[in-house]
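Q: From first to last, the protein sequence lines stand for chains A and B.
Counting from 15, one number per residue, gives the positions in the first sequence under this note's numbering.
Counting from 15, one number per residue, gives the positions in the second sequence under this note's numbering.
For the record, the hints were derived by calculation from the structure and aren't laboratory data.
To spell it out: a stretch of chain B is covered by chain A in this simulated footprint if at least three of its residues, at any positions, have a beta carbon under 8 Å from a beta carbon of chain A; those stretches are:
1) 34 to 48
2) 52 to 60
3) 63 to 69
Virtual Cβ for every residue (Gly too), placed ideally from N, Cα, C.
Here is how the chains run, residue by residue.
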Amino acid sequence: MIAELVLAMLFGLLLLGIHRKVIARIQRRPGPPVWQEILHAAKFSFKTTWVPATASGALFAGIVLVAVGIWTAAFFVMMTGGSLLIIFGIYMLHKIVEHAFGLSSGSPYGKFGGVRSVISAASEIPLFVSVAVIGLFTGSLELTEITAWEAVHGPLFFTAFPAVVAMYLVLLSKMPFGPFSIVESKELVSGYKTEHFGAWRAGLEVCNGLKTTVLLATFLLVFAGQLPVLWMVIGMILLTVSLSFACAVTPMLSPFDSVTIQSLVTALMLVYAGIVFTGVLP
Amino acid sequence: MTGRIKRVAGRLAACGIVACGAAAALYLYGMLPFWAYAAVTVLGFPAAVVALFLWWMADEGKEDIPFIGY
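Start from the sequences and build out the full structure, keeping to the hints where you can.
A: Have a look at this one:
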């Protein structure tokens, strides 16, 4: 499983590289090579490293370990077909991790990024409703049981399409350069990760690689069912390219607009969940 | 970052790698339950990765004060 863990991390970084490349090509820029994010992680790992004088040392360094640790746990849960609730519980924890990243450094850029990560928690509410709808249809939140249900009844992609859209929005809110990426907006330099440089940033890149793989693979598992590995890889690449298109053609929203749109999607999803609840359950 | 911290990082990286490798081997031979293997990896992998990065960094710098506002 450790070899798979390292491969998943590298593949996630490759997907983030493809994401940057596609955005650049749409915007008529050459863009970086697709393996740029892997080089990025390697580059940061041998940069000069220290803890800033204004930082809370234990939190500043410890949060990097927590970030990698929680997505390692999420990877294990996904690979063993565990509970969707645990994976999305970890997704919620990542919000706290972003907050701690930002607040640990003592820099105002990091602090604003950390505060915005709390504001953007609105993106998690459509997630809860989507998970509830999946539970209503399949009667379980275990990935193995969801995929078994799909093997009999067909992919949830067709059965619960509004949940697909809501979950897609959740993925979009986690992609860099997206309309909801207010936590690392350029007016905040790099947002919550501004002061984490050198080995700390390399650790964060490892976390981002794992996070990307886990979220995209979970999306496919939940809505397309259990696919062969090759189809899973192709699906994840296609999903990344579609997210890149959305990111490339959409300007970054202001924090207020970002929260408003996500709240509206939540309201629509609640109506949908109500319809499913009355229609599916006796 | 001092030379002492770099030495500690090297030892931590070695411990993390050995722990993850040993847990994987023990699990493979059925001597460790899956949950224990997963727990060791979740704790050991981040420590190994970050400590490895800290250990092999090319240079060591002196801490500074970042921009803290006007």
